[in-house]
Amino acid sequence: MNSLKDFKKITQTFIRSKFSEYYIKNKNNILAPSSIESREFGFFLFAENIVIRHKTFQKTSELRNFITNIVPSDVYHSAAYYNDPEAPMDKKGWKGSDLIFDIDADHIETECKKKHDTWSCIDCKFSGLGKPPQSCSKCGGFKFNQSTWMCNHCLEKAKEEILKLIDLIHLDFGINLENIRVNFSGHRGYHLHVDSQQIRNLDTEDRKEIVDYIVGTGLDTNLLDIWDTSGKIKSIGGLSPNDPGWRGRLAKRIIRIFSDSDKETLKSIGLKPQAIDSILKLQMYNSNTNQDTSWRMIKGTGKHTWNILIQKAIATESVGIDTVVTTDIHRLIRVAGTLNGKTGLKAMKIEIEELPEFNPFKQAIAFDGYETIHIEEAPRFILGDQEYGPYKNVNEKLPRSAALLLLCKKRAYPVRN
Amino acid sequence: MISERDKARYPFTTESADYVKKLRIEVADLITEPYKPILKRAEERIRLALLKPDDLAPQEHDPSIEILSFPTSIMLMAYIDNENVKRRYAVAESKGFSKKLKTESLEKVIEIAQGTYYWNIKSKGQNLRETYEIFLHFIDYIKNIKNMNDLKWKLTNRYLKDGYVEITKNEATRLIEEEIQRKILKKTKNRKVEPPKALKEILETIKLITMEKTVFETFDTPSGIKVENMPPCIKKLFDSLSAGGRLSHLGRFTLTSFLVNTGATEEDVMNFFKSASDFDENKTKYQIEHISGRKGGKTKYKPPKCDTLKTHGLCFSPDEICNRIVHPLTYYRLKMKALKKK
Ligand code: SF4
Ligand SMILES: [Zn+2]
Ligand SMILES: [Zn+2]
Chain A
1 MNSLKDFKKI TQTFIRSKFS EYYIKNKNNI LAPSSIESRE FGFFLFAENI VIRHKTFQKT
61 SELRNFITNI VPSDVYHSAA YYNDPEAPMD KKGWKGSDLI FDIDADHIET ECKKKHDTWS
121 CIDCKFSGLG KPPQSCSKCG GFKFNQSTWM CNHCLEKAKE EILKLIDLIH LDFGINLENI
181 RVNFSGHRGY HLHVDSQQIR NLDTEDRKEI VDYIVGTGLD TNLLDIWDTS GKIKSIGGLS
241 PNDPGWRGRL AKRIIRIFSD SDKETLKSIG LKPQAIDSIL KLQMYNSNTN QDTSWRMIKG
301 TGKHTWNILI QKAIATESVG IDTVVTTDIH RLIRVAGTLN GKTGLKAMKI EIEELPEFNP
361 FKQAIAFDGY ETIHIEEAPR FILGDQEYGP YKNVNEKLPR SAALLLLCKK RAYPVRN
Chain B
1 MISERDKARY PFTTESADYV KKLRIEVADL ITEPYKPILK RAEERIRLAL LKPDDLAPQE
61 HDPSIEILSF PTSIMLMAYI DNENVKRRYA VAESKGFSKK LKTESLEKVI EIAQGTYYWN
121 IKSKGQNLRE TYEIFLHFID YIKNIKNMND LKWKLTNRYL KDGYVEITKN EATRLIEEEI
181 QRKILKKTKN RKVEPPKALK EILETIKLIT MEKTVFETFD TPSGIKVENM PPCIKKLFDS
241 LSAGGRLSHL GRFTLTSFLV NTGATEEDVM NFFKSASDFD ENKTKYQIEH ISGRKGGKTK
301 YKPPKCDTLK THGLCFSPDE ICNRIVHPLT YYRLKMKALK KK
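So the sequence lines, in the order shown, correspond to chains A and B. Residue numbers are given in this note's numbering: position 141 of the first sequence equals residue 141, and the series is strictly consecutive. Residue numbers are given in this note's numbering: position 162 of the second sequence equals residue 162, and the series is strictly consecutive.
Check each hint, because a few of them may be wrong.
Partial list, computed: chain A residues near chain B (C-beta under 8 angstroms) [as the list claims (entries may be wrong)]:
no.	residue
1	Phe-142
2	Lys-208
3	Tyr-213
4	Pro-244
Think of the hints as simulated: they come from the structure by calculation, not from any bench. Values in this document were obtained by computation on a predicted structure and should not be read as measured data. We put the beta carbon where it would ideally sit given N, CA and C, even for glycine.
Build the full structure now, drawing on both the sequences and the hints.
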């Protein structure tokens, strides 16, 4: 009989051999960051707990050969530029860093997490769906095992966030689109890199200020000059979608709330019947005349209602970035064109124009062919054009990409056929 | 144009610095008769800055003395071994300058910002709002709001478009004040060499001035960890760790540095962390030593400011006292003080 440890080992060796085949064929798709010689590289190996850090390469070809020889499970480069990237951290000589944003389904609230993510209490084995609670409702314990899944809906949400982010970075911060690069992480999210001389020298505090703007932290509607002295919202002159900054964003969002919401939604926001009536009438009027002035003439809305609307607009416009990643000027970030060891999917660069249509479940597939595996447990999922599962304790012959996803997610082990 | 008079009023400008450079004056010259008034005015600058900052107005009668006295006082301050005093000097000088700047025309303010601090300012005219007079690039803007606590400075609350922030002339002068202050602080960094003999006497005088006003900021180093005095954010981290919960990297750092800075011993902190669910003895030990300044950089780390904790979602149900502070350590000190009075 094989022990659990052996299965683990066999699975690792198997995944590694597939990764190796992939890199031999596709090493030219590995994209090195700019100024490769000033970057630090880091690698996770399949053998557990082995990390190679402080590596450097002079040329892209060196990096590609290294990856093909070593076959790591995950490959990272520093967002920073160093004088001596091989030196220990405090001796590297920081020269600057790209501005990095990480949008990950882990940080976004979605309903479907209750369907595909699970947790279990380490102490009493009590388990549940979605995110783990503050404390176990059965034994009061605080330690949980978590198991997450990547799903289409979660990734669509992440994509919405990244599109909002691009908008802000480009329109508000005036960064040229040529200096913005978007990568799919190969798992549950997207990374955005701003690579431009202008922003390289920003320190952690500067980046924090940018983060606060993007998330809307510290936003004070009193300072945005929305209210008049009597506490009423300023009418027509007050808030315009053409205003710069958060003002304009809030105006645009409120207009969208008004023009896209049905009666139920408006009710749930907390609007009074009189206001709802007048909005619905204006929706009609606007769709007939192709205008967008509705929100300025609504009767029956007081400061209270406007506050609700504004709060809702802030929550919707705020971008769900991982704040710690952006403020960390020594961060390591996944190299595009490499495989993600948690899924066997490609971490890859996406052209901004193609982002709205990008489908990670199709375009990030790295393998073809078939594999037979034993699946312990897996939920229903979609990959490529096919739907799979749910599975429980079965042997299946699956397309290799689906098989690798399950193997990498530790839901299966290979079977010799 | 920066006139002769401007150079005297604003001796921090590039134009003034160039003028001074061309004179090629040596330190030894300063005590010779013709230069004595400069040294005297420099001493006066420092005296006023430290004791009566509101009177630190430029002397209008002799521009050349005025121009030279500024770099001379900075040179003198560099020999003073007291960061607080230097800071106070820098604040007073920069405030004095910005007060003057407020009375200047918009053109002059822009000229100084661009000429001396290389601000990226967009030419006015394009969709200019009545009250906002300058479009300043966000990078120059955020570099200069680090010391501002008023929410009105937060980028989030500004009009930002195409990379430019709209500001008024008065706001611009306030931001220039920050530039001046930073530059003075940078230039007065300790030189750590013996001052030239010629300056011994005047430096003694300055030291006396600084002693008149030095506030000794002593805080008690309490022993043990007083949970009831912790601010809500730290209390939250503390509680969840005590209960065996898991903290984010930043949460861990915040808690550890807070404890270390309020007088907990490394051993106390170590024992405390043993209850954590993901306790790793070596890692924790390394972190604690690092934060307390025994390993690595040798500087003791402070916990992040409230502002930073807010950014990362670690500020948790702030209370009354929180409204008065910008740093969680201040919260602790305020509470300790209040306790003592009882
Ligand atoms: S305001 Fe500061 S001290 Fe108070 S809870 Fe928030 S972060 Fe902590
Ligand atoms: Zn339990
Ligand atoms: Zn989902």
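Status of each hint after checking the structure:
Against a cut-off of 8 angstroms between C-beta atoms, the interface hint on Phe-142 (chain A) holds, since the closest Cβ of chain B lies about 4 angstroms away. Given the 8 angstroms rule on beta carbons, the hint for Lys-208 (chain A) holds: about 5 angstroms separates it from the nearest Cβ of chain B. Because the smallest distance between the Cβ of Tyr-213 (chain A) and any Cβ of chain B comes to about 5 angstroms, under 8 angstroms, the interface hint for this residue holds. Hint status for Pro-244 (chain A): holds, given a least beta-carbon distance of 3 angstroms to chain B, under 8 angstroms.
Consistency note: the structure conflicts with none of the earlier hints.
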